[in-house]
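Undergrad: Spelled out, the chains give:
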Amino acid sequence: MMVKAMTSHYRRHPLQLLALAFMIVVATMLWTGVSVLTGQARDSLDVSEEAVAAREAVVRSDGQPVSVVDFVALRTAGICAAPWLETTRGDPKVRVIGIDPLAMACFDAPPAGDGVGELAGDPFVDMSEVAGQPGQLSLLISPGTGALPNGYQRKEFRLGPATGQLADSFLLNLDALSLLVLFITGLLVRSVYHLGLAQRRSSFALLERFGVGKRQVYRLLTAELIILTLVCVLPGVWLGQALANRLGQGFGLALDSLFDLSLYGSADTPVPWQAAVVMMALVLGVCLLDRLIPQRRVSRDKPAGPGIFPAWVWGIMAVIGLVMVMQAPSLIWVFIGVALVFAGVGVLVPDFLARCADVMARRRIQSANAPLGRWRYLELAVMFRNLALPVVALQFAMATVLAVQALVTSFESTFEQWLGQRLSAELYVEVPDGVDARTGALTLAQMDGLDAWHRVQHGKATLRGDSGDATGTDLMAISPVTSLVTGWTLLASTDAPWAALSSGGIMVNEQLARRQHVELGQSLRVEIGGQSLDRIVVGIYADYGRPAAEVLVDGEALPEAFTPGFQSFSINPGQRSVDDIAQRLTADWQIANLTIRDNASIQALASQVFQQTFLLTRAISVLTLVLASLSLLVMGWVFFSTRSWYFQLLGVWGVPPDAVRSQLRQLALLLTTGITLVALPLGIWLTWVLVSRINPLAFGWSLPMAVYPGFWIELGVVMAVIGLVIAWLIGRQLAGQESLRPGANLIDGGER
Amino acid sequence: MSDVVLDVKQVSKLFHSGHDRVPVIENLSFTLGVEQSMAVVGRSGSGKSTLLNLLCGLELADSGSITVADHLFTSGRSAVGPDEASLWAALRKQRIGVVFQEANLMPAMTLVENVRLRASLAGQSAGEEMHWLEQLGVGAQAHRFPDQVSGGQRQRAALAMVFAMHPALILADEPTGSLDRQTADEVTDRLFDIQQTNRCALMLATHDQVLARRCGQCLDLGEGA
Chain A
1 MMVKAMTSHY RRHPLQLLAL AFMIVVATML WTGVSVLTGQ ARDSLDVSEE
51 AVAAREAVVR SDGQPVSVVD FVALRTAGIC AAPWLETTRG DPKVRVIGID
101 PLAMACFDAP PAGDGVGELA GDPFVDMSEV AGQPGQLSLL ISPGTGALPN
151 GYQRKEFRLG PATGQLADSF LLNLDALSLL VLFITGLLVR SVYHLGLAQR
201 RSSFALLERF GVGKRQVYRL LTAELIILTL VCVLPGVWLG QALANRLGQG
251 FGLALDSLFD LSLYGSADTP VPWQAAVVMM ALVLGVCLLD RLIPQRRVSR
301 DKPAGPGIFP AWVWGIMAVI GLVMVMQAPS LIWVFIGVAL VFAGVGVLVP
351 DFLARCADVM ARRRIQSANA PLGRWRYLEL AVMFRNLALP VVALQFAMAT
401 VLAVQALVTS FESTFEQWLG QRLSAELYVE VPDGVDARTG ALTLAQMDGL
451 DAWHRVQHGK ATLRGDSGDA TGTDLMAISP VTSLVTGWTL LASTDAPWAA
501 LSSGGIMVNE QLARRQHVEL GQSLRVEIGG QSLDRIVVGI YADYGRPAAE
551 VLVDGEALPE AFTPGFQSFS INPGQRSVDD IAQRLTADWQ IANLTIRDNA
601 SIQALASQVF QQTFLLTRAI SVLTLVLASL SLLVMGWVFF STRSWYFQLL
651 GVWGVPPDAV RSQLRQLALL LTTGITLVAL PLGIWLTWVL VSRINPLAFG
701 WSLPMAVYPG FWIELGVVMA VIGLVIAWLI GRQLAGQESL RPGANLIDGG
751 ER
Chain C
1 MSDVVLDVKQ VSKLFHSGHD RVPVIENLSF TLGVEQSMAV VGRSGSGKST
51 LLNLLCGLEL ADSGSITVAD HLFTSGRSAV GPDEASLWAA LRKQRIGVVF
101 QEANLMPAMT LVENVRLRAS LAGQSAGEEM HWLEQLGVGA QAHRFPDQVS
151 GGQRQRAALA MVFAMHPALI LADEPTGSLD RQTADEVTDR LFDIQQTNRC
201 ALMLATHDQV LARRCGQCLD LGEGA
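Sequences listed follow chains A and C, in order.
First residue of the first sequence? That's 1 in the working numbering, and the numbers climb one at a time after it.
First residue of the second sequence? That's 1 in the working numbering, and the numbers climb one at a time after it.
Some hints could be false.
Which residues of chain C face chain A? A partial, calculated answer using Cβ under 8 Å [claimed, not checked]:
1) R21
2) V22
3) P23
4) L58
5) A69
6) R92
7) K93
8) M109
9) V112
10) L117
11) R118
12) S120
13) L121
14) G123
Honestly, the hints are just simulated from the structure, not real lab data.
In this text, a Cβ means the ideal position worked out from N, Cα and C, and glycines have one as well.
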């Protein structure tokens, strides 16, 4: 009977229980999904960085992919070669690596029981398990291996990224976003739960009168919460795994395109119990924190105030956070600064809004509509104080959504501009391995009717500092320098930068300029192809596609000994046909087939990858907004309900029903508009933090600070709709009541 | 067990308002036996509700002693010990039935569920709920929620709850305060009938002179503080 008494509130208010359950499920799903993906990514990073150090790959000189036949040929020739097959398996498909421990036994691997060393366990599987799967086969050899048989060449083999640190930063960003969502969820869950407790307060008091001790009530409440949390967290974990599977492909594409990091998985994905434990701890922690004390009841005469510390302390905390964000040398300090700002803002905003409402109420005294207008603003002040927690949570959620949307949209528009710049030619030709690209260049130079073309060589270079320290960078060489590149928008440049480049200058990408503090006009000592060259920096270019450092030189200025790792041609065919160009190059290079790609299709593919890249981030921010909006809807409705007696009094005093409903609508809209207005400056500030502080620290490049008022309006409309729904629900409730409630002392309405 | 259910000796209660201490009840003494009834009257603010709260442990006296059903509570201590709080709770659970003017029912349970809850807490077996509700004239409303019935019906249901626990002492604060004359008379009649039948002591705080005259004793708290 006691259990029935304790749970009777939710029997009559099932929507509250459903809202609470929904929030816990969705939050668990989000947290689990992100944890699974970032966990996989971190494991993949470890695999990449540790597992394949100091190994090379064997490639065929004719450019054809290696096969089992080549493996046999190499082993027969006495070469210690081992197969390495990257493939997928399972349902849903996860990426795994098939290895042959027996073949690897001849490597200089660290001592281990099976000779495989750190390659044991997921994502590594025995080759026999995946031999028949389609995938990418490589043949690895140790660097000390002697000469290779004819028809084979050695090539550096690296799974991962020289960008490990930046990939880690990307993952750290995702973790930080997830933590922010977790924090917001905690506030929301606590708000809804404690509103329910406040409504049940009279029942608890009644039980106390009946002789039921507070401790017994508390034990039952704790048990109720534990059961609810268990019931919700478990399906949330399952949904989170499904979310990770759904978004995993896009996430993997993002890591691959941004950081050359492959996302490896395990065929037997373990249940992420850690995520479940975290969510349970969060829900139980925020709800049971102050035991049975419900939300504070406040009156106009005794405003809620900041609580533990006086207001000025929170204000100073926010200012310290602002300064910390501006000066922080690393991501962690930026996050701490953001946390301080959020803490200060979160405590001060509800009281600030309430005081604004009080000011508006005082101004209404002289107006013709004084009584109702004044009443409306005074009610609003009470609501801001009593709904402090959900107001703050919604403010944070909206600010996060605004900032993430601005970041992604800025990135998207900048990325598209950059793509359009880099893919300005119509055609793209990849130079096959083993052919002499110079003959191709000669052919194109002699071909009449071509609009423009250039050859691109990618390779490695080394920067030497004044103290002799070496920094490896990527190198891009373009020749000839034509209109295909001279139209680039440079972040900084000398006069006639492209002419200066052709005269022996060098350009650097933004990532390198930031990390090495390179400036225009600075002299750089760069080693290319074994030669040490001093070059003047004539330009800094944006390079959003990759986080690695890069230098750009004129291809004609490259030393003879330079061996490019990868080459291509960009061509505007003009009057020549694609077939004609393909025929000429095929004949010159004496190959069977040549693939010429349409850059427009590459651009479309890159955009598609981009969309996938931010799918997870958008999903996180949209779901957060859904959670926060639902919370405000539920809490707003419940809170308005507790004050419905006062709305009914308006009717008692002669205000027509339509006018009462109008007052409700205005009140609800003022509530949601107030929240939107305080979310906007926080969202704009957070946008600046993302594009100007976090992005450069994490990715090495900055984005332009842009705001998108269109999205603000969309968000404002969503909030207005929530307000109107609340007002409609309450209006319906008031119209449905047959009589006035006898006695205001039954109502838990705040101050009386 | 003696026939004295309630024995109050030199009980005082002060209200603290800032630095001031305002006496609400001063050196009050009285006894109440089985089957006896007492009306507590006085102007608003004279301490009627406070007295009832003291007699069921919802508030603590600043001095004096209260004996309820042979359990002695001596006040004057700055904080109640855990044993004393538990004892008061046990008494409210099984021996003392309390009825206030409003908010006596769990809002999310029907009338019959409320009665069943109260009886089960008191250790009484199930099955008598409908009997008591019908005795108090609200049997037809048994399966409705409190906000679906009138104030008078709620008060009757609250009384049914109290009688279902078979208490030794009933404390009622303005039990007919929100009722019309006719309903108040009906409720009063049932109240005293059942009180006599169940041999419990009854103490009422009331402004209602008709109700006060029905009681065997009258305690006038006068003008109060």
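Undergrad: Of the numbered hints stated previously, which ones are contradicted by the structure, given in increasing order?
TA: Those not satisfied are hints 1, 2, 3, 5, 9 and 14.
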